[in-house]
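Chain order of the listed sequences is A and B. Taking our numbering, the leading residue of the first sequence gets 1, the next gets one more, and so forth. Taking our numbering, the leading residue of the second sequence gets 1001, the next gets one more, and so forth.
Misleading hints may appear alongside valid ones.
[Said to hold, decoys possible] With a Cα cut of at most 27 Å, we get these calculated BS3-like pairs of lysine-lysine:
# : chain 1 : residue 1 : chain 2 : residue 2
1 : B       : K1405     : B       : K1253
2 : B       : K1643     : A       : K183
3 : B       : K1589     : B       : K1643
4 : B       : K1648     : A       : K173
5 : B       : K1405     : A       : K183
6 : B       : K1648     : A       : K211
7 : B       : K1385     : B       : K1192
8 : A       : K183      : B       : K1709
[Stated by the list, open to error] Here are some of the chain B residues that sit facing chain A, going by a computed Cβ distance under 8 Å:
#  : residue
9  : A1033
10 : V1038
11 : P1046
12 : M1048
13 : E1104
14 : G1191
15 : K1192
16 : G1229
17 : R1262
18 : G1646
No wet-lab data here; the hints were simulated from the structure. Note that the coordinates shown come from a computational prediction; the quantities given were computed from them, not determined experimentally. We put the CB at the ideal spot given by N, CA and C, even for glycine.
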Amino acid sequence: MTEFSDRDSKPGGYTRRSFLKGAGTVAASGVVAQTALAAAPETAEGRALVPRLAGEVEIQLEVNGKTQKVKCEPRTTLLSALRHRVDPPHTGTKLVCDQGACGACTVLLDGEPVCSCMTLAVDAQGREIRTIEGLADGDALSPVQSAFVENDALMCGFCTPGFVMSVTGCLEKNPDASLPEIKTACSGNLCRCGTYPHIFDAAVQAGRQMKQGGTK
Amino acid sequence: MSPNPIAQPEWKKRADMKVLNTDLRRVDGEAKATGRAVYSHDVRLPNMLYAKFLRCPHPAAKVVDLDLGPVSAVSGAIHALAIESEETSFLGQPVAAVAAESLEAAEDAIRAIRVEYETSGWAVTEEQGLDPATPSIGRRGNSFVDRETGDLDEASAAVASADVMVESTYTVPVQHHCCLETHGLVVDFDGKRAKVWASTQHVTGVSQQVAGELSISTSDVEVITDYMGGGFGAKFGIGIEGQTACRFAKELKRPIHLMLDRADEFLFSGNRSGGRQILKAGANMDGRIVGMTAEIWRHGGIARGSNPGQPYIYSVESSHMQMGSVHTNTDANRAMRAPGHPQASFAIEGIVDELAYALGMDLLDFRMRNLEDPVYHRQLDRVAKEVGWYEHGYRAEPNRSRGGKNVGIGFGISVWGGGGRPVCVTSVRIDPDGSVTASTGSQDLGTGTRTYVGAIAAEEFGLKASQVIGRVGHSAYGPANGSGGSTTVASLAPAVKDAAHKAREQFAERLASWLECSAEQVRFEGGEVYSTAEPGKRLSWAEACSILGSRPIEASGEFQGHLQTQGVHGAQAAMVEVDTQTGALKVLKMVGIQDCGLPLNRLAIRSQINGGMIEALGYALFEERVIEPWLGYALSANFNDYKLPGCKEMPELVAIIDDDDDRQQVIGMAEPTIIPGHSAIANAVHNACGVRVYDLPLTPDKILMGLTKKA
Ligand code: FES
Ligand code: FES
């Protein structure tokens, strides 16, 4: 998608993006959205005629084991909810591309790594959300986190939370994961500083440690 | 104070170092790995507004009508500003900006703005830029020549009379910096004083520029860059984002959060210029390049572009170069990690290979015959050994077999300055409670500045690296230069060393009476303090510091020229595999060697070398700005359409610090590591299958096309 499709809308109509992000609410809880979209004709022109969805709904999110009420718009992504709407803001999860192309926003949803920029906040209701802030136990880093520090698997650090979550998701399922499996698990993550080789070292070391210690 | 003249600070011998020249863990690694590190993007202030830009969707346009009115009807929108209400000159140029209560509301507000544009002729390709029908873009016309060296007739004659002659045109696309944290800042201005969190490579510069925008004095601006998500040369000035944030902050008296979105970042925050280079060169049977002519056209959009010129590092008996620029209606290029050098490298390393093959000479041997500096000989030899060159079967001719997967090897070299300048003022403080801080207003881009700042002081006091707090990224910590040209370490490290040295001398002075010796006899080692007169009587660091009572030690440091120097070299080799049926290319291994004078943190230096090789791998294989030439649409303004190398494309990487370089002075080394990698890969592709790709990136279709022709 180029940046122009975002703008490519009639006054008062949907952009493709706000439509797609709005559409997620049908399956979730947005009552307004449900009625509005149910009445909408299926054609593209028809969609543009649908009055825009606006306003906040209150939802419940369980972030790192704590449940809290969060005001979100139907289109609010989980990433945006974490960074701007939960209290306190969880800014460890990074916004980089906002289109599922970089992995910087990776969180674990019921243990599965997902791009929080491609997940609607309302769709994360009733699911266990784990973010980078939820890995360390007080001052004690998780094995993946300490392996990242030891192996210099971080430079500017902006991609780091996303990589740590992807590696954690992979190793918690299988601490025996081979290097190719780790690479596959992180294939959606980008690092511009070029820490990949050290990330691989860190992930292998963390896997070994998790197997021995059985720690999470 | 001291009766003795203060001794000059000197780096310890490498063998005596306990902290520096070792593998040091980053002191801020934990903050980064836990998400606790707060970047400018992450700053949240009460009452803060989010600002956003509206970009012009055309390469150049007249703004016939700009209606900000509808913004007032958008819920959550607070204010809108016109940025450019007459004419735009490059694709994606911001025309308006809004400030709103949330990012979502800011997006709505941007969409509500109505703009009517009129377009009449623009250029997004070199061809269009050269078309006389294209309206004028730059002040000097749409193309101009601004540099010429050597004698054309002489060089042409030398090429013509050489034993072999080659002529080729090498093209490179525009590459983007792709800092994962976009440009931007948060400005909190109460009408008198401003606090600014900026994602910048130059804290000191930002405080001056923000002061200018807000019409207050620099001392009333506090700039914080605790963490920043990459710069690579694109983040020096405050830019349009800084100016706009200041305008909003002034008018609204509320904190403004203005970070570019990803498309903004791709379209108006700078790039590495593209270019076209036409090289003719001749060499004799003895393996000497005797003549070369180079015609260079830089593609810097509305700016000039960059290229250091040819024959770059190689020595050629007679050469001529003409360099110019062709403007297009695209974003101005900015400095990007070794500006111009990767472009020059791609053409020269290609033509050098072509000459060697034409002579039937070993590629490595031919390079060495045309390189005067012996450092390159030793470095090339080292990477050749590491990559397996001497066992490789195709050293003077490419593998032309077809049907299977062929392996090839290629080389490239680099050069850089990396010297420092007298800008930084640093401070080191020892407190009675035993804590030590070393502070500088310089910034850590991910290079490890914070870590070595503390480590230099730790080395001085015989402490562990973890016992000193390195503080960076705050305007209050003293002036520092911008982190460009790999000048940070050579500018900063000597000033930190100077402060630590003075602090140690002061401390020795204060401890002398306690230890009943002279200040010269006081030693700081292994976390202890003692006198050489009575080595058995030792104080722990904590005990020694407690003697300071209520008077901490504080020393400030300045640049010390003799602690740094300039001039670094590098060589890289790449091994690739080409599928001769499909053109698919896989980079198997890259080896990079880099000298850097006295290494401060070996682990971070290897990370830099890896990072340079990986960025070059992206340039080689994937990265390319694409603009649709007839409609002028930006087609590569996010990571789904502009591919960066990822885990799956990572070859085996070998990063080597050249320890044969025994200079006892610090030199910057981050930039040269990006210069030769893509050239080595392109040469390796040719070596693997006899197909030379003259325009980056080396996509499989181009390789396959070549394979088809040669079949
Ligand atoms: S920000 Fe979500 S994938 Fe890039
Ligand atoms: S460490 Fe900077 S982007 Fe990965």
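Against the structure, the hints:
1. B:K1405 / B:K1253: Not satisfied, since the Cα-Cα distance of roughly 64 Å exceeds 27 Å.
2. B:K1643 / A:K183: holds, 17 Å
3. B:K1589 / B:K1643: holds, 20 Å
4. B:K1648 / A:K173: holds, 21 Å
5. B:K1405 / A:K183: holds, 23 Å
6. B:K1648 / A:K211: holds, 25 Å
7. B:K1385 / B:K1192: violated, 63 Å
8. A:K183 / B:K1709: Judged against 27 Å, a Cα distance of about 36 Å means the pair is violated.
9. A1033: holds, 4 Å
10. V1038: holds, 7 Å
11. P1046: Interface hint status for P1046 (chain B): violated (12 Å vs cutoff 8 Å).
12. M1048: violated, 10 Å
13. E1104: holds, 6 Å
14. G1191: Check failed: Cβ of G1191 (chain B) comes no nearer than 27 Å to chain A, outside 8 Å.
15. K1192: violated, 28 Å
16. G1229: holds, 3 Å
17. R1262: holds, 5 Å
18. G1646: holds, 6 Å
In terms of the numbered hints stated before, the structure departs from hints 1, 7, 8, 11, 12, 14, 15, listed from lowest to highest.
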